[in-house]
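1 is the number of the first residue of the sequence shown in my numbering; add one for each residue after it.
For each label pair, taking beta carbons as the anchor points, the in silico distance ranges come out as:
| hint | residue 1 | residue 2 | range |
| --- | --- | --- | --- |
| 1 | E1 | W166 | 36 to 42 angstroms |
| 2 | P56 | Y171 | 41 to 47 angstroms |
| 3 | Y171 | E1 | 35 to 41 angstroms |
| 4 | A57 | F114 | 37 to 43 angstroms |
| 5 | I163 | K88 | 37 to 43 angstroms |
| 6 | R189 | N44 | 37 to 43 angstroms |
| 7 | D115 | F182 | 23 to 29 angstroms |
| 8 | V174 | P56 | 44 to 50 angstroms |
| 9 | D115 | R75 | 19 to 25 angstroms |
| 10 | R47 | G90 | 24 to 30 angstroms |
| 11 | L17 | V155 | 21 to 27 angstroms |
| 12 | R138 | L178 | 35 to 41 angstroms |
Note that these hints are calculated values from the structure, not bench results.
We put the beta carbon where it would ideally sit given N, CA and C, even for glycine.
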Amino acid sequence: EVLEAMCGSGPTTAWLLERGACVTGLDVSDVAVASFESRWPQCNSIRASIFESGLPAESFDMVVVQAGLHHLHPRLDDALEEMYRVLKPGGFFCFSEPQRGSMYDGARNLWYRFDRSIFAENEESVDIEAMKRRFDGRYDFEVEHYLGNVAYFLVAQSMVLRIPVWAKKYYAPVAFFLESLFNPLMGRRTAPLVACRWR
Numbered sequence: 001e002v003l004e005a006m007c008g009s010g011p012t013t014a015w016l017l018e019r020g021a022c023v024t025g026l027d028v029s030d031v032a033v034a035s036f037e038s039r040w041p042q043c044n045s046i047r048a049s050i051f052e053s054g055l056p057a058e059s060f061d062m063v064v065v066q067a068g069l070h071h072l073h074p075r076l077d078d079a080l081e082e083m084y085r086v087l088k089p090g091g092f093f094c095f096s097e098p099q100r101g102s103m104y105d106g107a108r109n110l111w112y113r114f115d116r117s118i119f120a121e122n123e124e125s126v127d128i129e130a131m132k133r134r135f136d137g138r139y140d141f142e143v144e145h146y147l148g149n150v151a152y153f154l155v156a157q158s159m160v161l162r163i164p165v166w167a168k169k170y171y172a173p174v175a176f177f178l179e180s181l182f183n184p185l186m187g188r189r190t191a192p193l194v195a196c197r198w199r
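Use the sequences and the hints to build the structure in full.
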């Protein structure tokens, strides 16, 4: 039982379903839930806030968030508590987010501040160390993988960079190849993104 929190149209749903998960998508947006339902009719969906989901405690084996936590400031801690509450004992919290502490922070903060056509006022990278301090003793922090380089910027962030969608098919294969070469070299200071698995 997997809760894809702040699911949007379901960026990780296919991957989860291929591995046998029973997925429930949760989002506060009617548009996002409708998109999720049209793409993944075999899944459950809930329109609710991650701050107060209304879901039963200890009801999911895993909670997955793909680039949603950085939208939750200043109430990130409230959402983290809610996700912890709905996890079964021994369950996994898996997420991938822009992370604070990288050399990209200054540029990211300026971009968040001035590009209001895409970014909301409350967007900011997540502070993994602060999150770990808050949940010390409640989670085992099993995986902390730093990543993001050529494909992260040119493919995943193409909308932010205003790269036309039609161009992706031409450069994406090369970008993903370069990403795979450089990712082993990425660390906390050099990577814009972190992927974590907490148990």
